[in-house]
Amino acid sequence: MDYNFREIEAKWRTFWAENKTFRAEDHSEKPKYYVLDMFPYPSGAGLHVGHPLGYIASDIYSRYKRLKGFNVLHPMGYDSFGLPAEQYAIQTGQHPRITTEQNIARYRDQLDKIGFSFDWEREVRTSSPEYYKWTQWIFKQLYNAYYDNQTDKAEPIEKLIATFENEGNTAIDACTDFEEVFSADDWKGYSEEKQNSILQEYRLTYLADSWVNWCPGLGTVLANDEVVNGVSEREGHPVEQKLMRQWSMRIKAYAERLLTGLDKIDWSDSIKDQQRNWIGKSRGASVRFEVDGFDKKIEVFTTRPDTIYGVSFMVLAPEHPFVDEITTDEFASNVAEYKRQASLKSERDRQSDVKNITGQNTGAFAIHPFSGEKVPIWIGDYVLASYGTGAVMAVPCGDQRDWDFAKHFGIEIKNIFKDIDISEEAYTEKDAVIANSDFLNDMPANKAIKTAIYEIEQRGIGKGKTQYRLRDAVFSRQRYWGEPFPVYYKGETPYLVSDEDLPITLPEVDKYLPTEDGEPPLARAKKEDWNHFEGDRMEYNTMPGWAGSSWYFLRYMDPKNDDEFVARDKVDYWNNVDLYIGGSEHATGHLLYARFWTKFLYDMGYIPFDEPFQKMINQGMILGNSAFHKVVDISVKVEYLSHGGDDSEVTVNVPMNYQFLPMEEELDSDGMFIFDVLSIEGDANSNLLVKRVLSDAKNLNEGYELKSFHLKELNVNFTPTLKRIPVNCIDKNDDIILKELQNNEFYSNMIATSEDNTKYHCLREVEKMSKSKLNVETPDYIVDKFGADTLRMYEMFLGPLEQSKPWDTKGINGVHNFLRKLWRLFHDQENKVVLDDGEPTKDALKTLHKTIKKIEDDLDRFSFNTGVSNFMICVNELSDQKCNNKQILEQLTILLSPYAPHIAEELWVVLGNEAGTISYAKFPEFNEDYLVEANYAYPVSFNGKMRFKLELPTALTPQEVEQEVLAQEQAQKWLEGKEPKKVIVVPGKIVNIVV
RNA sequence: GCCUGGGUGGCGGAAUUGGUAGACGCGCUGGAUUCAAAAUCCAGUUUCUUCGGAAGUGCGGGUUCGAUUCCCGCCCCAGGUACCA
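Positions 141 to 1135 (my numbering) are the ones given, in order, by the first sequence.
Because the hints were derived from the structure by calculation, they are not lab data.
List time: in silico SDA-like cross-link candidates among lysine to any residue, alpha-carbon distance up to 25 Å:
1) 547 - 568
2) 1113 - 1092
3) 986 - 1071
4) 172 - 707
5) 1022 - 979
6) 972 - 1052
7) 961 - 1052
8) 404 - 725
9) 994 - 760
10) 950 - 921
Quick list of simulated restraints, FRET-style, between CB atoms:
11) 401 - 1103: 53 to 63 Å
12) 568 - 1094: 53 to 63 Å
13) 973 - 406: 36 to 46 Å
No residue lacks a Cβ here, since even glycine has one placed at the ideal position from N, Cα and C.
Assemble the whole structure, with the sequences as input and the hints as a guide.
Have a look at this one:
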């Protein structure tokens, strides 16, 4: 073998590990560069080829930056708290820590094989007590802080308490939903418990009864971003709304800064837009409508205060607190019935049932704050209790839902838009001129909005307001395998554990299930099971999955520090992440929470930056190529007679199920299975089904002799169904490899109707790669067969990093051959090194410098796929030139080393360099002089169509070029004797002649 | 519906500021080598063609000497999101 990748790669992997080649220094004269991957959850399934895609890209970039003279921080770790290990623990009793450790070992093994330049000394695991000690500590900081709207940052809670003691809460503008007013004296008179509960209303993490997404299937609550279409994101269990006492994070306080911060970071528009939509800022006004005959005011939020004269009714959410009180006797039973119906509908139904308009009149009226007219108050479930105030002023002419509602129930539709027809639908554009609206008449909408808000504030019926869709994030989970809270209770009042008692480690429990009383699993721990116990009890909840991942990028800077979460001098040096690579699925979860915590830690003065990830690239998914084949289900009931050693006769009735794998010719034109092929008539030995049943019957009845036998029942489903075939049982022509399939335990009841492999051609379909879809391809297999360098380059060669693309091993030979071709530049037929020490040729220099330029450009714009192409072009050209010049090959080797580090290390030594030094070699310098040519082959086009090329000196002026071109015989031919209308000469590019 | 991407040979894809459309690789076809196969090497490979050319980057228009690239209007695909007032 010429290019022995197995030997080479094993050798350099060991070398890097032993020499700690990729250790990052915390302080350096070099400029720093921080390249981060989203750390993985170590699942039991191991890595498939999609996982390393982003890691390969970030590794290439890290190695490139090292060559460019940067001190690079490129760490890796594990997001190792999570549900799957806990579910496994519930099923098997194995401690999640053990499962997790096993999975991490497997991940590490797989990662190591790919040759990543991680600094493994900095590894972090969110589930290790040394790590979560600091997650608990950050929680404490959040608890001891509130958000001051005046300073526009988080402040210590002591500052708030001092203000309460001196001035009460009127002097404070803080982020809270607390509306009661108290004086300094009131405050001082409150009990500790009362003070504590008021403070909860201000703290950045707080305990409150809140409506949560309760998932009975998982026995825990979920955050909004973990719920998709009313079911849990990962497992698909239904989710319902439930009022529970939970820890929450006051992320709302940061809504505005999370929005504006997006402008200064280099992320994709799609992720930024997702975050903007999630935060959901809308500007408008809150307006209070008096209820006729009650001392009550309904507050609504509207983005269109300019349309207030178009209000012809109001709609409250069925859960709105006023509903029962204001409903008239006449409508009481209908309203009660409507409320009941609405409560029965799951969130999911309510969301999906958009077209169906429902509602109910309450009989009550509100007073229009400007016109004084009475407008009816309705309830309807299209108004959400959880958004805004749970009530809307309905303007049917300007809002399609209000219009539909009004039409459906025959409510008046007022037109307040000048010269606009609203008889067929509402007019929702903000560009109309207002009419029939008293003081707003003849104003364009945007002016009318401002005027209306001014007038609303003047009359004291409301005020201009900014509303956010973003909700505070629930921070408790009723699970075992997560960070315990640094919290204990005296009665119902929570207290923080002091810093010197951290971490509160996970206590051992007998089972990982909730208690009989429905308490979380930690409630099973006895007092002595806790490493620290205070008060009446410890907190039973654990933190959600996103707790540990919200700050892990900081810990890599100082992973072993036992005194601080990160030392200030280290975080000052490394600063924020320069390049973050990971999937876009975390847009509204991890990426938002990490930004939130970063801003908080910045506010508190612990870190010098308030955006964690300066530039982010979202790699696309690698999709699997699932295989399907038609199968026919057959169930058989067999009755047979046998007798055992004692001569006793036994009649046995056995139901058996089989699946037939039919050949294409065994299906008729409608795709129906032709029964003939398994007719039980005829020779038993030649009939596959009979043969199979006989052999199974024998096995079933061991020790007995089979005497007679007949099929009692035979059911055939003549319509074949498509069945997934594991992709490792498919050959490169998409035909099933029968031997492989028959070895698979899940296919043991399958009978192929022929022994010939080529008869079973599979349909392929591109889907998400997953274990359940039987389309998983592992990197281990590729590394074993082709080597890590081939895997790295091939994954990059598949297509643009950010694009989703199907995995297809067909092209892998091309990349592997490229590396072999590279090897052959250095070696002769006998695999002996043959290098030329002399001066390089002009052609070779040109090829090299062209490549330097392209590779560098490609890396700078993260175009790794074209990078691989350019290496191929380079090696093809050098091969054609028969170039084995040492200087050229040395530069090429450095250039290639980020992509294919193992072979580069090997060739680097072949070239006579010291082992291991290539990682910190100097990136080749591009010199344009080598590309300067005396001549250029001008493409000459006529009316934009390229007709021929003409080689001309590059020094010619445009006029000279024009003359030369027109003097050509070919040019005259294309002119057909006519005079050219115009000749355009772009020097060094193109000549275009207009005829 | 809205937002963000995207649509180029048989396939993955390239064309960075408007300037030779299809780089590079796969696959396929033919040839060389071989007893044979694998591997390797060479040539060809957008389509149609009367072999002169003609058409061609989802569709229809436009701007331009020149458009995959810019503008307008559609269609389709992927991802996100939604009674958000």
